[in-house]
Amino acid sequence: MCDIGDIVLPGDKIDNFVQSKGKVLLGPGLQRDGEEVIAVRPGIFKYREPNIYWIESHQKRYVPSKDEDVIGVVTNAKGELFKVDIGSSEQASLSYLNFEGATKRNRPDVKNGDLVYAKLSIADKHAECELTCVDRDGKSKGKGCLPDGGFMFQVPLHLAHKLRHPDCPLLKYIGKETAMEVIAAMNGRVWIKSRSARETIAIANAISAAEFLNYDKMKDFVDNFMNELYLGSS
Amino acid sequence: MAAWELLKDQNFRLDGRKPTELRRIETRLGVFPNADGSAYLEQGNTKVLATVYGPHEVKGGRGRSNPDKAVINCQFSKSAFSSSERKTHMKFGRNSSETNQHLVQALNAAVMSHLYARCQIDVYVEIVQSDGSDFCACLNASTLALIDAGIALKDIVTCCSATIVDEKSVVDVNYVEESSGSAVLIVGLLPKDEQIAYMQMKGRLHADHLEKLLDCAVEGCRNINNILKERIGEHLKTHSSHFTLTRPATPGRAERSRPAIA
Amino acid sequence: MKETPLSNCERNFILKAIENKERLDGRQSYDYRRIKLEFGIDRGCCTVELGETIVMAKVSCEVGQPKQTRPTEGFLYINVEFSPMAEAHFEPGKQTEQANEMARVLERCLRDSRAVDLESLCIMAGAKVWKLRVDIKILNYDGNTIDASALCSIAALSHFRRPDITVSGEEVTIHSVDEKDPIPLSIHHLPLCVTIAFFHQGTYCLTDPISREEKVMDGKMIIGMNKHREICTLQMTGNMLLNKEQVLRCTNIATVKIVELNDVLQNALSADEEARSSGKPYGTYVADFRKVTVKAAESPTHSMSEIEEEARSMQLDSDRMEESEEEVVENVVKNSWLLRIKESKANEAQKVKDTICSEIDEFLTTQREMSDLQQQSIVNNSSKNNGAKGQDQDAKTDTKRKRNQNRPKKKPDTQSTAKGESLDSATSQTKKSKGKRKGK
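Residue numbers (full-length UniProt numbering), protein chains in the order written: chain E, 1 to 234; chain D, 1 to 262; chain L, 1 to 440.
Hints in this document: simulated from the structure, not taken from any laboratory.
There's no promise every hint is true.
[What the hints assert, rightly or not] Subject to a maximum C-alpha distance of 25 Å in a straight line, what follows is the list of computed BS3-like cross-link-like pairs (lysine-lysine): (1) E:Lys-119 / E:Lys-104; (2) L:Lys-215 / E:Lys-78; (3) E:Lys-111 / L:Lys-2; (4) L:Lys-128 / D:Lys-69; (5) L:Lys-244 / D:Lys-154; (6) L:Lys-128 / D:Lys-87.
Please model the complete structure; the sequences and the hints are all you need to start from.
Here you go:
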């Protein structure tokens with residue numbers, strides 16, 4: 001039937017699972033239909049050890065899911081709960097206490113229109129999504145308000161996943177050539193900060209252009225791109 | 001059309017004006033007792049009434065209010081009896097909505113809206129008699145009404161139209177000149193710094209003539225500005241002597257006991 | 001749904017980039033995005049893609065009564081609709097303000113400037129006239145819909161054919177397409193619009209703003225102009241203040257851009273005519289403004305000489321989805337910035353090629369002359385004798401000398417070898433051209 005790496009269409013039955021500890025974890029794109037498992041999205045059937053299966057499909061609109069890191073735009077920074085737009089169907093809320101070092105007296109400096117990098121602590125279909133910029137120990141670990149001077153743009157979700165994948169060398173190669181800070185969030189938003197506006201725009205365009213590149217072609221792509229950048233910069 | 005008739009040999013226009021001469025401007029402030037500010041303006045035979053209500057609460061809920069600035073809302077209306085043939089104009093038609101937007105744009109340039117955050121200022125304009133340069137008269141009347149309402153303004157927005165007839169630019173076009181088909185330029189100016197807040201051109205004009213036409217319209221705006229300033233000064237002088245703690249409305253207005261519209 | 005708010009970070013970045021004369025897609029300040037004009041099978045239907053903004057226009061006509069005040073004029077009515085397909089936050093009926101503004105600008109540009117001859121639409125004075133209607137639909141919104149719509153509507157009007165009619169006394173017969181060929185509209189001139197967006201209180205200006213640039217701009221100036229430098233409409237929108245110099249600078253910029261846009265329009269119309277005459281249903285034309293083409297007047301705040309010196313701009317295409325991965329990678333490579341390297345190398349190679357080509361052309365012309373002279377001399381020799389011979393012998397020896405110079409080397413000689421690189425291309429050129437000659 002369907003092997004790992006095959007293209008599946010909605011409605012296709014999947015039945016060759018490797019069971020580990022008797023459990024099989026079905027990721028996005030796979031649903032149980034009674035006794036069977038069917039694919040509900042078109043895409044490539046993927047597997048990760050020990051027992052995780054999912055379908056890699058093309059999607060632009062983000063659907064919130066627990067424990068995912070997202071970049072949001074603050075739309076209402078008044079009161080106890082900040083309203084943050086994360087690109088999903090509803091705006092998420094972020095309590096002002098969920099920042100590192102924030103207390104009732106020490107409010108974080110957040111204005112309307114600021115960008116925050118946060119984690120979805122609650123993403124239930126029955127409740128409003130909630131974000132948090134700190135983990136259980138109260139440490140931010142890079143989350144929080146993003147500094148000025150960067151640029152944010154939207155990419156399709158699969159590209160954001162690719163960028164976050166440890167095997168993807170794109171950001172690593174770009175990072176070797178030019179100094180930059182990059183955050184690729186699960187809701188398809190990528191934030192970049194580099195030395196100059198020109199470099200930032202160039203990196204942003206390079207990332208968008210690398211949407212369908214294979215890992216092995218990335219090295220040449222980045223080399224050419226960087227040569228061009230330094231050739232072109234005056 | 002009959003453009004050649006518009007400018008005769010001795011350089012006089014059809015209505016006897018010289019090319020750079022404005023029409024007679026007659027103004028009256030404070031014509032309506034209910035409104036926060038009101039004005040009546042005549043530019044030749046074009047007669048316009050403007051009223052201002054505000055700053056007041058934003059209608060349509062908090063969602064429409066702007067936390068930093070005032071929302072200016074304009075409503076333009078042309079009476080059915082204003083033109084030579086009776087014609088009902090749709091209040092919510094395309095032309096009216098465009099004029100509304102343009103009035104808002106021009107007034108936004110002058111009103112210090114950051115002083116009236118989360119408020120709404122309504123400006124209602126009615127054309128009672130139309131004889132060309134309708135928009136200019138509307139904008140001038142709105143400015144006067146805003147001044148009468150005491151709303152803080154950066155500068156007085158004046159508006160003037162100009163057209164080119166026989167390679168000469170003429171200012172303050174009337175209806176005949178407007179409908180002759182030549183290009184008409186309307187400029188809304190903040191005279192202090194000579195900054196253009198609003199500009200619109202209709203008709204066809206060669207790019208080389210633009211500068212000339214623009215100069216003419218700006219000069220017209222400057223002259224209108226001087227006239228309006230004079231009139232406002234006179235109005236304040238006559239009414240300041242009646243300023244008491246209570247509303248001085250009646251004594252001042254009783255002086256001009258003629259009906260508001262001549 | 002609600003519009004995604006623009007974050008402060010994006011706003012500040014875009015403004016800062018504009019200060020450094022950088023745009024988000026790598027264009028120069030006065031460059032237009034890639035324009036694609038496609039006509040439909042029906043006459044009068046046109047789609048324009050300006051970057052990612054897609055606009056469609058359709059012209060239709062019907063017979064009706066004229067206005068009483070103007071009994072010999074037809075009607076031209078323009079209607080603009082923002083489809084909810086265009087943007088996530090567009091709702092049907094909600095964008096009326098913007099749509100109205102656009103429709104009024106286009107009406108002023110097309111109708112009030114007498115671009116379309118309304119008197120030619122008269123069938124029977126006072127009784128029957130043609131009513132033209134241009135329906136414009138915005139299918140995808142990425143900024144600068146006015147320029148795209150103006151181009152689209154004038155292209156559709158030029159493309160449109162109205163049914164032919166015969167008037168006999170009081171009766172009017174409208175012939176269908178099968179009976180008589182439909183006739184084109186009488187269009188005096190082709191007005192097009194240029195939108196110039198202002199930033200930083202009017203200090204910087206850009207043409208063809210994209211949606212994000214429009215969100216951070218102070219305001220914009222819309223100039224409708226035709227290629228004869230006649231301004232058809234001028235409009236300032238937004239909360240900004242300009243002085244006279246800025247206005248005149250805008251008209252200068254517009255003059256240059258209008259010429260480019262006009263070329264696009266003309267090329268598209270002729271491409272469509274060609275396609276139709278060769279049997280295809282409709283034609284398409286794509287214009288890519290890769291080089292900086294603006295030689296606008298000097299402006300105090302924006303130094304055009306810098307822009308002219310740089311002379312490069314790129315466009316990122318986003319329709320990669322359909323192609324296979326390899327093609328996609330190639331396209332990605334093409335469409336990314338690194339094409340500049342190839343281009344710069346290609347430019348050098350092109351220059352070399354050009355010089356070689358010109359030399360080859362000279363060779364060819366001399367060869368042609370030689371062959372003509374040869375033929376003449378042959379003819380003369382055969383028909384006449386000594387008298388002519390003397391003359392021709394000189395010619396012959398001349399030609400022989402030249403031929404001896406050229407003959408043994410099928411490849412062009414030392415001059416081209418010195419240039420090395422494009423040798424193969426040069427030889428292929430000569431072979432090609434020789435082939436052509438033989439064909440003749």
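TODO: State the violated hints by number, sorted upward, taking the hints as numbered earlier in the document.
DONE: Hint check: 4 fails alone, others pass.
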